[in-house]
Amino acid sequence: PSVGRMLRRAAAPEAAGPVQQSMTRSLAERLAPTVVEIANESHMHGTKSSESHFKLLIVSPAFEGKTAIQRHRAVHAALEEEMPLIHALSISAFTPEQWGEGGDALRTSTPSCRGGSKAD
Amino acid sequence: GGGAVVHRHGRGGGGGGGDDSHSDFQPKRAAVPEGAEEVKDLIKKQVTENPVMLFMKGTPREPQCGFSMQVVRVLNAVGVDFASVNVLAYPSIREGVKLYSDWPTIPQLYVAGEFVGGCDIVTSMYNNGELEDLLKKEKLIEE
Chain A
16 PSVGRMLRRA AAPEAAGPVQ QSMTRSLAER LAPTVVEIAN ESHMHGTKSS
66 ESHFKLLIVS PAFEGKTAIQ RHRAVHAALE EEMPLIHALS ISAFTPEQWG
116 EGGDALRTST PSCRGGSKAD
Chain B
146 GGGAVVHRHG RGGGGGGGDD SHSDFQPKRA AVPEGAEEVK DLIKKQVTEN
196 PVMLFMKGTP REPQCGFSMQ VVRVLNAVGV DFASVNVLAY PSIREGVKLY
246 SDWPTIPQLY VAGEFVGGCD IVTSMYNNGE LEDLLKKEKL IEE
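Here the protein sequences come in this chain order: A and B. First residue of the first sequence? That's 16 in my numbering, and the numbers climb one at a time after it. First residue of the second sequence? That's 146 in my numbering, and the numbers climb one at a time after it.
If we strip away everything but chain A, and leave its shape as in the complex, we get (with noise of 0.2 Å):
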């Protein structure tokens, strides 16, 4: 049920304020996915930001033969612009082939927050 409400969340275009859209184009741009889910979970986060955290599904034949490490690095380097203004990322990053075998399987759930960063 969660992820179906992750995806109706990310599809509204209401919902996709001026950050999310941006992290939507760069990586259009930089990576080529072939998919790409991006949920904004600032609420679940004690932030005052309504876009401070988010989680990144993308699938990509830029990320073969890459380690998580270098598929991360190559995410943050596409989002360059956007990495300053947001607190946290979940990335979750495969290659189309990965994707392809393993679906549904392969997303993952954020932990919980114990009320957030206070000091942020």
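Negatives, chain A to chain B, calculated, CB over 12 Å:
hint, residue
1, Ala43
2, Arg45
3, Val50
4, Val51
5, Ser64
6, Glu66
7, Gly80
8, Trp114
9, Gly115
10, Glu116
Chain B stretches covered by chain A per the calculated footprint, using a threshold of three residues with CB under 8 Å from any CB of chain A:
hint, stretch
11, 209 to 215
12, 240 to 251
The set of hints was computed from the structure by calculation and includes no laboratory data. Every residue gets a Cβ at the ideal spot worked out from N, C-alpha and C, and that includes glycine.
Please arrange chain B on chain A, whose structure you already have, making use of the hints.
Using the frame of chain A, we list chain B on its own:
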């Protein structure tokens, strides 16, 4: 200096971890440099001296962020002693560690002086056995 910057969290009751609640109320800023080069040297020292070093939000007993808490859980699950720094108490370390690893977020786990990853990567390595393999290879947990 006032208070310990690095908390040591050991299953055998490692030194420095027991009194960390009161040390949080001591002025700490004097203990940590503000200059970029000095902070970089301090971080290098911390990751070299502590074979498992976690830069996190909050402390292992009181994490201030779900992602940091998850990494603590994973480290406890594999049963390794580790050290941590609460970046919320030290803004220069919070920024310095991002430059050091060229990684934009906290938490950050280092093993044997090398940056291993944040919450996603550490959790994934735990699930597929890579984390235990790495810790065994570095003789930080038993076979």
